[in-house]
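Q: Each protein sequence line maps, in turn, to chains A and B. Take 1 as the starting number for the first sequence in this note's numbering and just add one per residue. Take 1 as the starting number for the second sequence in this note's numbering and just add one per residue.
Honestly, the hints are just simulated from the structure, not real lab data. Take the hints with a grain of salt, since some may be wrong.
Between beta-carbon pairs, the in silico distance windows are [to be verified]:
hint : chain 1 : residue 1 : chain 2 : residue 2 : range
1    : B       : A150      : A       : A382      : 22 to 32 Å
2    : A       : P396      : B       : V352      : 46 to 56 Å
3    : B       : D49       : A       : V60       : 30 to 40 Å
4    : B       : Q87       : A       : D360      : 13 to 23 Å
Ideal Cβ positions, reconstructed from N, Cα and C, are used throughout, including at glycine.
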Amino acid sequence: MPDRIVTPDISVNFAGISSPNPFWLASAPPTNCGEQVMRAFDAGWGGAVWKTIGDPITNVSSRYSSLDWNGQRMMGLNNIELISDRPLEVNLREIAEVKKRYPRHAVIASLMVESNREAWHQIVQQSEDAGADGLELNFGCPHGMSERGMGSAVGQVPDYAEMITSWVKEKARTPVLVKLTPNITDIRAVARAAKRGGADGLSAINTINSITGIDLDTFIPRPNVDGKSSHGGYCGPAVKPIALNMVQQVQSDQESRLPLSGIGGISDWRDAVEFILLGCGTVQVCTAVMHYGYRIVEDMADGLANWMSEKGFAKISDFQSLSLARVQDWKHLNLNYKIVARIHEEKCIGCELCYTACWDGAHQCIHLDRLGANNHHHATPAMREALSKQAIAMTPIPKLDHASSNSSKEPYPTPLARIPRVDEAECVGCNLCSLVCPVDGCITMEQVETHLASQSWEQRTGNSANPARKCD
Amino acid sequence: MERSHFFLCRRAIVGKVFCYQESGVSTLNTQPGNPELVARFPEIHPPFDNVAAVTEANRCLYCFDAPCTAACPTHIDVPRFIKRIAQSNLRGSALTILDANILGASCSRVCPVDVLCEGACVYHRYNKQPIEIGRLQRHAMDAFFQNGAALVQRAHEQRSGRVACIGAGPASLAFAAEMRQRGFAVTIFERKPLPGGLNTYGVAEYKLRSSDSLREIELIRSLGVEFRFGSEIGGEAAFAQLEKDYDFIFLGIGLGAMRSLQIPGEHLPGVIDALKFIEGYKTGGKLEVGRHAVVVGAGNTAIDAARAALRLGAEDVQILYRRDEPSMSAFLFEYEQAKEEGVKFHWWSQPVAILPSQGHEGIEAIECVRVRSGANGSLEKVHASGFRISCDMVIPAIGQSPLLEFLEACRGVRTDNGRIQVDRATGQTSHPKYFAGGDCVNGGREVVDAVADGKRTALTVAKMLEKAHA
């Protein structure tokens, strides 16, 4: 009998806000109005952080630009859109309506007003009166609003962030989240300030200052607003590694640590799990929805539940923060751990990307010498190419090629001459070859027994100062 | 041979199309814009649009020392030209191609990529479709021609040393282009009114249009290659004169006419050999065809002729071949495409006579017998196996016979089995003044093989001239 599969519970309680699942829409165009948010809830989103409300602004046209990569669209997205351009009372009325119709879903009001106490008190009151389950203070918006002393202009100055957070806390009855900007040297400075100011939770990261590209015919950067552009906020898959690092920094710092809603390039359930493994309680998504629509949440929920079943996790908190302790300062890593690359010949397709990567980008320990050492036992890439150029090739035409016979039998699908070999004695275990290899499982990194006890840099040098670290 | 007998080519631009004309004689029936021809011969591999090309280019792994490059006789740096397409550097892409293969445009259309670059793609070993290298190459080359076809001239000063090419087919063209790029004077002698050899006259129109072939040759002409059309070279005196006038002579003479069937009735009207048939519709404006056509032979040219007959309106086309499927010399993909289009194949069938039609001019049937493989591989007729196929057109396509008489005239240029013998690496024949490449050397392969021969030979000849005139 197979084990009975228990459907995992993916509902969460985040800083006092309950949600049917950890998937929230980030404060952005997908949460611009009530009609959208209700359709999103119908599609399966557990919560929505409303498009930031405050004094209405005027937006420009155009607003977005993207970074395409290798034929794929929108690896990164940039926007210069400001907060909601709709009247405050319309937003409040729609928040109330959504809450009435979707009482079990989380509706968070994202707020940004000028830096005075009364203004903040007033918008807190209005949002909570409308029925918001929580408040998210937008201290992160990096464009436009920051020029008016709001958004990241607040988020970059810990004292301001602490002060405004404390004003909000004077008034708020619902949980208060502070959304952090990544456009700062150390994100923990503001996280600590928010915590000192009394925040109940944090959201990270907001978008990153960016210029995505320039039109090479007109010399106008994108997005083009009547011949000019402005830096925008960068998001999408490209920013995930930056976001994960900042999430880890905040969650590993006792003075910063609070319930954290993870944001930054989350496109599928695996991204979401990674943020949760580093301590997040919910995740927020925007770019992936702007690219593919609300429907993606179904795949996120399904993938998460399947993975949890497979791993035996019954609820989100079972795996939350599991990877946090696995991130350490470099000085604590074991210097006596050794891995080497192993090429699985039967899977190799002979592209030789590992060979050229190792020669030009790593440690010159992958060779093409399986047919025996010739004059060029360690032939350089240039020597290899020169040899190939001299070879005479012809179109094979059986009638004319009587003599040719497929004589020697090759042991693998790829000719032995094209299957690289790793010199394990020289291999430093850098991973590069396995990263460039296009075939899944063709190059694996395998541990070599060094018979040495684990020893970190700190242990080896007897001090805790940072070693001379790799700087490239 | 007197210089005055040579005709200089003049280029006339008709619309967007180049026409070559002999002085005084307007023989050019090349009507590249002939709407009926274009309509009947839609391209078999339509071009990529820009986004599709970039998407396909991005699939390329950028292999090191890539197998596709090794498989290409001209060693085009395939990953490099593909990467440049992905980076919207179409000019750089085209120049990468042309640097290795001056006929990169026609090769992109006619190469049997399944057995060359695309056949070598590592994706075959990864359960994936190979990169569409041929179509990508065409994409880059089309853009190059659309944008003015500005080639970079490598050598600017004229060097001492003159070479002649006999025949204006792909081997000579590649040889000539490379020699010009190195600063040497080149004259090409061609007995036909148009350059390009089979590229212009003999490749099925749905693969390569004559106008595209000529457009490409215009590029070579622009490098300063001199063409003399209508120049049939034969006899001692002509060769003696050539040897006197030029330092070296490149033989790019191809294979000559198709072999004859040597059966009764083969000279009747209604019998036309495959190359003449193809040449007729491509450049002669002859778009008429029989209702019931029989093609004899199962090589690539036979397939081209059969498929052309269908496009021209034949109701049925049947191919006779005296051996079986595995023995035919047509590429598998050509065979498959022909079958899909409705060409019928008769294996182990040999024609014995073509029967004149009763009452009017022409033919009414082809008389055949079954054959089988006898002792030591020779064919023997099967007793009482005669059969008859009604037809009003017979197209023999049983291989080209080398121009043997011509070769004999070349005094001391050794041949073997109808092919000029050369040193593979240098292209040098047994006669120190003569070099050779293309079909007359390799027995009839592809355009790309001819280009490779021509280019490789040019490297040798250029070195010898540099030494001689140092």
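Q: Between B:A150 and A:A382, does the beta-carbon spacing fit 22 to 32 Å?
A: The hint (22 to 32 Å, Cβ to Cβ) holds, given that B:A150 and A:A382 are roughly 30 Å apart.
Q: Does the Cβ-Cβ separation between B:Q87 and A:D360 fall within 13 to 23 Å?
A: holds (19 Å)
Q: Are B:D49 and A:V60 spaced within 30 to 40 Å by their CB atoms?
A: holds (32 Å)
Q: Using the Cβ atoms, figure out if A:P396 sits within 46 to 56 Å of B:V352.
A: violated (33 Å)
Of the numbered hints stated above, the single one contradicted by the structure is hint 2.
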